[in-house]
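J.: From first to last, the protein sequence lines stand for chains A and B. Just add 51 to the spot in the first sequence (first one is 1) and you have the numbering used here. Just add 31 to the spot in the second sequence (first one is 1) and you have the numbering used here.
These are computed hints drawn from the structure, not numbers from a lab. Because the structure is a prediction, the values reported are computed rather than measured. Any given hint could turn out to be false.
Computed, partial: chain B to chain A, Cβ under 7 Å [said to hold, decoys possible]:
#1 42
#2 43
#3 48
#4 49
#5 50
#6 76
#7 80
#8 81
#9 82
#10 97
#11 99
#12 109
Beta carbons are placed, not taken as given, at the ideal position from N, Cα and C, and that holds for glycine.
Chain by chain, the residues run as shown.
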Amino acid sequence: MYIVEIGHYALILGGGIAGAQMIAGYLYRRVVNDSFFVLSWAQLFFVFSAFGALLYAHVVSDFSVLNVWQHSHTTKPLLYKIVGVWGNHEGSMLLWVLWLSVFSAALGLNRQRLPDTYYRLTMGILGFLSFGFILFVLVSANPFERIWPIPLNGMDLNPLLQDPGLSFHPPLLYGGYVGFAITFAMTWAALYQPAVGWARYIRPWALLAWGILTLGITSGSWWAYYELGWGGWWFWDPVENASLLPWLAGLALIHSLKAQETVGALKLWSLVLGLWAFTCSILGAFLVRSGVLSSVHTFAVDPDRGLFLLGFMAFTFLPPMLLFARRAFYIGEGTRFHIASRESGLMLQNIFVMLGLFVIAYGTLYPLIAQGIFQKHLTIGDVYYRGLLLPLLVPFAFAMGVTPFLMWGQGNSQKIFRGFFMLVLMLGCVYGISYCYGQRLSVTALLSLSAGIWVFAASLYLVWRQIKRSHFFKDLGMLLSHVGVGVFLISMAINTTWREERLFTMVLGEKIFFAPYTIKLGQMQRIPGQNYISNRAIFDIEGAGSDVQLKPERRFYYVQKTAMTESAIYTNGFCNLYITIGDTQNNTHWPVRIHMDPMAPGIWIGGVMIGLGALWLGLQLLLKRRRRNED
Amino acid sequence: MAAGLFLVLHTFQENVTFYFTPSEIQTNNNQQPMRLGGLVLENSIVRDPEGLAVRFVVHDFNCQVPVLYKGLLPDLFKEGKGIVVSGKMQNGFFVADDVLAKHDENYRPPKISVDRLDKSLAHGLV
Numbered sequence: 052m053y054i055v056e057i058g059h060y061a062l063i064l065g066g067g068i069a070g071a072q073m074i075a076g077y078l079y080r081r082v083v084n085d086s087f088f089v090l091s092w093a094q095l096f097f098v099f100s101a102f103g104a105l106l107y108a109h110v111v112s113d114f115s116v117l118n119v120w121q122h123s124h125t126t127k128p129l130l131y132k133i134v135g136v137w138g139n140h141e142g143s144m145l146l147w148v149l150w151l152s153v154f155s156a157a158l159g160l161n162r163q164r165l166p167d168t169y170y171r172l173t174m175g176i177l178g179f180l181s182f183g184f185i186l187f188v189l190v191s192a193n194p195f196e197r198i199w200p201i202p203l204n205g206m207d208l209n210p211l212l213q214d215p216g217l218s219f220h221p222p223l224l225y226g227g228y229v230g231f232a233i234t235f236a237m238t239w240a241a242l243y244q245p246a247v248g249w250a251r252y253i254r255p256w257a258l259l260a261w262g263i264l265t266l267g268i269t270s271g272s273w274w275a276y277y278e279l280g281w282g283g284w285w286f287w288d289p290v291e292n293a294s295l296l297p298w299l300a301g302l303a304l305i306h307s308l309k310a311q312e313t314v315g316a317l318k319l320w321s322l323v324l325g326l327w328a329f330t331c332s333i334l335g336a337f338l339v340r341s342g343v344l345s346s347v348h349t350f351a352v353d354p355d356r357g358l359f360l361l362g363f364m365a366f367t368f369l370p371p372m373l374l375f376a377r378r379a380f381y382i383g384e385g386t387r388f389h390i391a392s393r394e395s396g397l398m399l400q401n402i403f404v405m406l407g408l409f410v411i412a413y414g415t416l417y418p419l420i421a422q423g424i425f426q427k428h429l430t431i432g433d434v435y436y437r438g439l440l441l442p443l444l445v446p447f448a449f450a451m452g453v454t455p456f457l458m459w460g461q462g463n464s465q466k467i468f469r470g471f472f473m474l475v476l477m478l479g480c481v482y483g484i485s486y487c488y489g490q491r492l493s494v495t496a497l498l499s500l501s502a503g504i505w506v507f508a509a510s511l512y513l514v515w516r517q518i519k520r521s522h523f524f525k526d527l528g529m530l531l532s533h534v535g536v537g538v539f540l541i542s543m544a545i546n547t548t549w550r551e552e553r554l555f556t557m558v559l560g561e562k563i564f565f566a567p568y569t570i571k572l573g574q575m576q577r578i579p580g581q582n583y584i585s586n587r588a589i590f591d592i593e594g595a596g597s598d599v600q601l602k603p604e605r606r607f608y609y610v611q612k613t614a615m616t617e618s619a620i621y622t623n624g625f626c627n628l629y630i631t632i633g634d635t636q637n638n639t640h641w642p643v644r645i646h647m648d649p650m651a652p653g654i655w656i657g658g659v660m661i662g663l664g665a666l667w668l669g670l671q672l673l674l675k676r677r678r679r680n681e682d
Numbered sequence: 032m033a034a035g036l037f038l039v040l041h042t043f044q045e046n047v048t049f050y051f052t053p054s055e056i057q058t059n060n061n062q063q064p065m066r067l068g069g070l071v072l073e074n075s076i077v078r079d080p081e082g083l084a085v086r087f088v089v090h091d092f093n094c095q096v097p098v099l100y101k102g103l104l105p106d107l108f109k110e111g112k113g114i115v116v117s118g119k120m121q122n123g124f125f126v127a128d129d130v131l132a133k134h135d136e137n138y139r140p141p142k143i144s145v146d147r148l149d150k151s152l153a154h155g156l157v
């Protein structure tokens, strides 16, 4: 069975082709466009084959392959044999490379009909990136390594990963990260040889990457919520923070590009962010894989991998920044704008977003620096993040509500003052209404809830205005995302303020009252699974309409000998009832944790809305037939 | 801007939690919340049969620290594996508010040198 070797050679070939593409880009004056099309699709073919070979090895449980032995087992369910391919360092790097090949091939099609030089330079830079990452995989993260003698069975995949979430969270997240490679390449090419209207070309790709990344982060949050059994949806874990960095940069980027495209403003912002979004992605990769972070997500400890990625990051970050420094003078500043115009609002947004990025980066990286230089081990609590980000969120939300109603190129201070007045009025209403219901809102709760309602209401008003102007379908993506932000912020505020958790032991037949539900421990069962044995509790829930049963489990996986929790969640769309059980000492008393999570579904529904809206707009821009340049 | 920077650093300082190994924590009389990292000592887990309290010992091949925790232990928590607990030292016990199990199968507490571990292996202690 030499499929694995074929896969290995295919990857080497793919790397060689990427190198050729890189050289072709360097020789851009003497190479025709079609060459890049052929090279990028050839690379995709070979990388796809390599991925297929690894997939095959996992599915047939070929334990002569080190990667399969380390992370699989014959009793592992088929779904996880397939998606488990990217549940480890080497496999996920191959997924990264596959995404890069997909995006390169997509750009290779040149649907946007980019100007020749610009197209060739961009493809050349993409070739460089593919070459670098494939080299990294082959040299330091080779999934095709063989072992001898061949073991009879493998070490199985971590039970936490044996879950449907593994099917979509990593692919979406990596799609987002890698998507920014396109904006990186296009921005670099724009710095070197600007094409007229470069912002118009980059914007759809930025939207696609950011939309996919949003879906990836949202799915990760939802997965952690139901899988980890702690009932939280965001932990300010270093790896989570690492995904926020490119997300924030991407957020600022898509808006800056719009400003540049429409009125030529925020030009330098667009250029710098176009580069930074991808460097943030690589930084995230470095943090996760280097072993310098302790987190649920870390793949094994190996400083070599970290060093390579750090070097690569310096290599991809420094030259374009140097290029930027040299070329910025010739590119020129963007157009000036009135302080009360839409461009100004977007610039304000950028500033807040960058501040947020700094706060998160500082909190995440400082422990590394402290450990490396001062030999001190420390962690940063979530109070730090929340304490600093909320003051940034409130003015950001205000700006977000007002800016879409401001005009391009003209000032309209009246609208801003009106908006401010309405915001203050709304703050009062929110506090007043909650007061009438017996709730005394803290400052934090009041501000975050108001910010959410403000954005939600302003976005709905924007939807109404666009419908009146017959622009609804044209702006559907933007409207969906903006309303989604409102949904997310409101849900986050409500959930954080009013969620409740209770912890106790129960015996069979015992009833607990947790308004508005009565929860009774009806049965305990012992159930074998394909590769585990489980203690399953059956809770009867009253007060939820028809009879509802929640069946949380405590599983013991044979191969890795670890215990794991399967939570049970009942949702009515607006509130989650969340139950997990622990281990018993005497088989009569069972530890139970119950959460009430108001508006939890809204958190992820909001996130999905944001991601889909951006994806929709990105695809709309890429796939539309060439018309005269419109807004 | 300076005010902003001050705000960041100040909030930062207030929310830094230090992380110690069992050896380091012996000489530490701090009442601040902190984190303790090490391995769970084999056969040291004792559960309250009717309640939620759990007792176990965290070690780093050198010193041991008894830990008290009330609640459900997280997934991946296992004797002989890496663990990080956050809480405070009280009367010789580490009273934990939170228990975080490490993902890495081959976890080693940060300060242990590989030599030391190999020597322990040689003596059949691990």
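J.: Confirm or reject each hint.
T.: Consistency of the hints with the structure:
1. 42: Status holds, d = 5 Å.
2. 43: Where the cut-off is 7 Å and the nearest Cβ of chain A is about 6 Å from residue 43(B), the hint holds.
3. 48: At about 5 Å, which falls below the 7 Å cut-off, the nearest Cβ of chain A leaves the hint on residue 48(B) intact, so it holds.
4. 49: holds (5 Å)
5. 50: This interface hint holds because 4 Å falls under the 7 Å limit.
6. 76: Violated, about 9 Å.
7. 80: holds (4 Å)
8. 81: Cβ of residue 81(B) sits 5 Å from chain A, so the hint holds.
9. 82: Holds, about 6 Å.
10. 97: violated (18 Å)
11. 99: violated (15 Å)
12. 109: Interface hint status for residue 109(B): holds (6 Å vs cutoff 7 Å).
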